[in-house]
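J.: Just so you know, the sequences run in chain order H and Y.
One gets the working numbering by counting positions in the first sequence from 1 and adding 21 to each.
One gets the working numbering by counting positions in the second sequence from 1 and adding 21 to each.
Since the hints were derived computationally from the structure, they do not count as laboratory data.
Careful, some of the hints might be misleading.
[Unchecked claim] Cross-link-like lysine to aspartate or glutamate pairs, in silico, DMTMM-like; alpha carbons within 25 Å at most:
#: 1; chain 1: Y; residue 1: 334; chain 2: H; residue 2: 264
#: 2; chain 1: Y; residue 1: 152; chain 2: Y; residue 2: 183
#: 3; chain 1: H; residue 1: 604; chain 2: Y; residue 2: 203
[Claimed, not checked] Computed far set for chain Y versus chain H, every beta-carbon distance over 10 Å:
#: 4; residue: 92
#: 5; residue: 391
#: 6; residue: 462
#: 7; residue: 563
#: 8; residue: 649
#: 9; residue: 685
#: 10; residue: 689
C-beta: ideal position from N, C-alpha, C; glycine also.
Protein chains: 2
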Amino acid sequence: MKHYPIIALIAGAILLTGCEAKKASHPCLTLTQADAQQMQKSLGKYPVFDKSYAYAQAAADSAIAHGMDVPVPHDAAGGYTHEQHKNNYYAMYYAGILYQVTGEARYATFVRDMLHAYADLYPTLGMHPYKGSPVPGKLFWQTLNESVWLLHTIQAYDCVYETIEPSEREYIEANLLFPVCDFIEKGTQANYDTFNRMHNHATWANAAVGMTGYVTGNRELVDKALYGSAKDGSAGFLKQLNELFSPDGYFTEGAYYLRYAIWPFMLFAQAIEQNEPELKIFERRDGILLKAVNALLQQAYNGTIIRANDALKKTYSTQEIVCAVDIAYWAGRDAELLDIAEQQGSFVLSSAGIATARAIAEGKKKDFCFKSTLFHDGADGDKGGVAIIRRGEGNKQLMLVMKATAHGLSHGHYDKLTLSLYDNGHEILTDYGAARFLNIESKSGGRYTPENDTYAMQTVAHNTLVADQESHFKGDYNTSMQYASRICYADLNDTCSVVAAEDKNAYRDKDISMRRTIAVLQPQGTEYPMTIDIVRATSPSAHTYDLPFHYNGHLINSSFDSRRETCSLRPMAGGYGYEHLWKECEREVESENVWFTILEDDRFYSVTTALGTGKVYLTRSGANDPNMNLRSEPAVIFRKEGLSDYTFASVIEPHGLFDPNLELTKGANAPTEKVEVVYDGEDYTAVQIAIHGRELPVLFIAVNAAEEGKEEHRLSLNGKTYNWTGNYYVQQ
Amino acid sequence: MKHYPIIALIAGAILLTGCEAKKASHPCLTLTQADAQQMQKSLGKYPVFDKSYAYAQAAADSAIAHGMDVPVPHDAAGGYTHEQHKNNYYAMYYAGILYQVTGEARYATFVRDMLHAYADLYPTLGMHPYKGSPVPGKLFWQTLNESVWLLHTIQAYDCVYETIEPSEREYIEANLLFPVCDFIEKGTQANYDTFNRMHNHATWANAAVGMTGYVTGNRELVDKALYGSAKDGSAGFLKQLNELFSPDGYFTEGAYYLRYAIWPFMLFAQAIEQNEPELKIFERRDGILLKAVNALLQQAYNGTIIRANDALKKTYSTQEIVCAVDIAYWAGRDAELLDIAEQQGSFVLSSAGIATARAIAEGKKKDFCFKSTLFHDGADGDKGGVAIIRRGEGNKQLMLVMKATAHGLSHGHYDKLTLSLYDNGHEILTDYGAARFLNIESKSGGRYTPENDTYAMQTVAHNTLVADQESHFKGDYNTSMQYASRICYADLNDTCSVVAAEDKNAYRDKDISMRRTIAVLQPQGTEYPMTIDIVRATSPSAHTYDLPFHYNGHLINSSFDSRRETCSLRPMAGGYGYEHLWKECEREVESENVWFTILEDDRFYSVTTALGTGKVYLTRSGANDPNMNLRSEPAVIFRKEGLSDYTFASVIEPHGLFDPNLELTKGANAPTEKVEVVYDGEDYTAVQIAIHGRELPVLFIAVNAAEEGKEEHRLSLNGKTYNWTGNYYVQQ
């Protein structure tokens, strides 16, 4: 036994005395002996499951063949020691499973020996030499990775537990597992604070520590994991279930981080279900965990999680979503999940995975139903929400997202009432997402780059209103965390899907109220659904209002003189992200409508906006970005100056066909001929849209005040009186 | 009968008197009655063929349902009348086939009535009102489209010929078909010149006129098509077979325009084979047409034609390649073509298509063999060539292209010795291709934009040597047309594929000789093939040498200080395309090697170059491009100043893995540690490459003089003497 610091010894001793819970038979977390046997018998029966198994086997065998490498921690994310410690926990995890399925001793020996090597190393470690995290770790530069390491490692230990001599177990637990738990829970003040926060990093920490408690029979660890360090429910996993999700299953940090958080949520939940079924963990809050998995799957386009907040591009096939879907099926037997599992093409090698694979093979699958949905934010569902509107079927369907939520913790953006459009398999009106090169060491050590704060989070990087070129809440996190937008109403029926949201806080210093009403409808005679987008700003004082449209595609036509700067590019003025936009064109316009058309893949998209006298900018991200941390992406910004109130009314519409193989172009011009705000007041906003080749215009009247959806309304326009009941009137 | 101009009447009358050939039974071009019957019987048997048939049926039925619309020509490409006349020829073409297969009179009537409407209209037309082509048309803005129109229309007429009353046939032939032929052949001086050129526009014209001759029994037209207006073989289709292809089947305009030209080549060849089998058209020049189809298919990556010259992105599934592959199979029964036909997923509805579909159904398919190949350019194969080097299988394979050809007519670029790299399913080192938005009317009427000349064609838009920031031949077409590069040797074996080419003309005014030697090999212990790239410039006088690497991906690391301009961007100086490059970074470097690493998809790519003291630029296309006609694409340019001779030696290599779903990064640093030119002379260039983790460096010695491949060579380096036979020595 090597020497290790006194503190760890004491901590280990204290924890050991906490061993009062009954020792479960092993494995006891995510795999049972019975399911391992079932897995063994099933090999060759479910080809996709076999593929996952073969992957695990190859990974374990390769790790065994390469020999042990447990290096002294040195590198940041993406660097050698970081990646090696990740490789190690995967290797142990897979080898543990392989031992359970095959019974081959070499897998168990590998796990035991590596655990021993870690038990030798861990007590010798100080804090990680790479300083880059507010919550630094020992094996990794941040404690978060240490939790992830433990969550995998404890599953491996669970799998081989019964093969290890008691004295060796004691060595491993006393020198490695308990000290790691102790470090994660309270090794530093930052760790303690994290362990007891309402945040996904806490979920990881709780799950890893709690699962270690189950395996080692250490009730103290389980209680801290479930109820927080104080073991009184003031923190911990169960409180997170109440606080981090809205009643709809929306996760406060948004879909991208739900993808990550769902992993420990579901794994720990499965372990709880196996060890303490009396907690009925999957039934808590009306089945909140299963709702969360559904909400995650719904907040995606073609299997890619939507870009909102600090999102990178991630698909359903990430291991964490595979794991979540399998466990959700295991827990709830929702046959629609089998559709997703089949598309994922891999399974978690656990009781959940084998149950899911078997159910698919037995033909139990139902089509997963993607539908227009409003997800409320906030533990009580009163912190705004995300509306997702879908039209059409399959991977070419149109999907519109309006986000009007609370800030969403540290990964949130200043993006109140922002809008994104997906269509024909592509992002069209884009959310920049995160400025980060995950695990690329040369790019800020794989962490968020500085431009994540200075650009990606700022309001101008989103398709929403910017006043006076300042971000919502002036980009102040603490202020933004205090307020949420409000969903006024949503009626997502298939004929006309309408959602309205407002925000009176983002510019409270300027006393600006913002309200955005979006309607997706398909007027007779048009080929694709159009989106009517009404952005209404009111204030007692005059402001400059900017409305950016970030797009993916190539600008091919516009109503305005879009000639770009030819010989010199300068950034847009000022801060709040504007300094990151090269100003390619600045043009004063003076006509009823401005429009632009882009081409992406084989379809055109036009945005037509009632602007009157104003300015138009063409921009491209990349200014004041010396390290090329930003992608080079274009936007069009519409600007109105010196007005207290202004309502931007736009039509956003796909149209036509560009087929380079057939050399065929159809409908390159937008169906919309003219967008006109025919009435605008505190009570109503009425927008009339003339469509080429149609006599009757489309008329949409949004109610700006009442929200019950049952009130009767009346508005006279051009001598005609419109009467209706509900939040909007539409004449398609 | 409407009035039409006297000239057309006379022309028609003259042509009519030329009717001396025997009238064939109809249809007689690409479909026989027997094959139409076979097609009818086969419906329901070959699902993919059924799909093509269903497409044709839907197109014909929809056209019939919509009614006749034969507008007076007005619009440019992409505009209404342009697209309508295209729709019309497709509608007639499909309806003609449908008539042959179903025997339903309504299809024949539709074709007849539309032909009649065109016969009414055509004589009333002057030149097309949109002026944008040096060879303007009447129905379309350029005569080329008129030829394409006729080529489809004559097939439709052929299909319904026997259903039309003789007097009606006479009306159609006298007022439409013969006048169109006459106009195409000699309606203007430009048309006459085109008809008798060695160029793909002539192929279209010849094919359309010749096929009209067969159908109408007008031998005069056939003879002009085959032998030129003078009917003496000084021009025409047969001469094109001799002059436009190299003995390998390489087409002088490159693969992208071969894709387009192959359509009339193969269709007319099939018509010739049907009508004059004694010409043995498919056996000419040792089967040059079948070789051409093979060369076209080989010059593609994952089914997308390589970007060289004025190329846009086009795939195997274009109708012209479908047609060419089917006819090639029909003519030569090469079972490998069935593999491509199956991937295309559609068939031409002709004798060729049904033969191909049947053969696939009968299981005759063999895998198409993509292989490393050198295609010589020039009618005699002595005008340089294109080398394609492949490694690995399937759609992730690596493919390297070196282009060292003649200019290639009007769509050629000033790109001597340029290199492109494809890997892992993506373009990595890119050729800009064409600056054009095909059929997008708002973009220069769908034609090439001005930036095609000023940027896309210029040398700096390619991955090849630029001297003194001037393009090859100073961008002068007539000069460039006089010279070709020279392939020195090529040895494309799978262990080490080497190709060397030189050009002594591109900078003849500067007396610069350029030689590029490329070797693709996979040293022991590396994961992917590396490319050794030696660019050797020699001159009696001092010059500035630039070597650009245009890339697709995101720059993530570099050996040099790559901090970009933050507050002001200016174009690179001067012309020759440099004015279109924003200068994002200009850096003096002084170290043995410079390198940069990019990330594209899930793989890294590094270029490591022995530069010594020099400059490095980061650029992005889009400067001096007011109309946003260029894509925004990045490049790295290495520069050496004030030297008469310089040899750029680089290693280009894929490496590592970036898996965002697994959050896994491996091998983000290039395997290559150092690239060193250890010897450089008129006789040899020796490059030594140190590889991380390997003791023995890779040594590659290129012979710069001898070319027979049999000579014995000797070179002493660092006290060791290397003896070898052949054009290169390699120690992997």
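J.: Which of the numbered hints are not met once you compare them with the structure shown?
T.: 1, 2, 3, 6, 8, 9, 10
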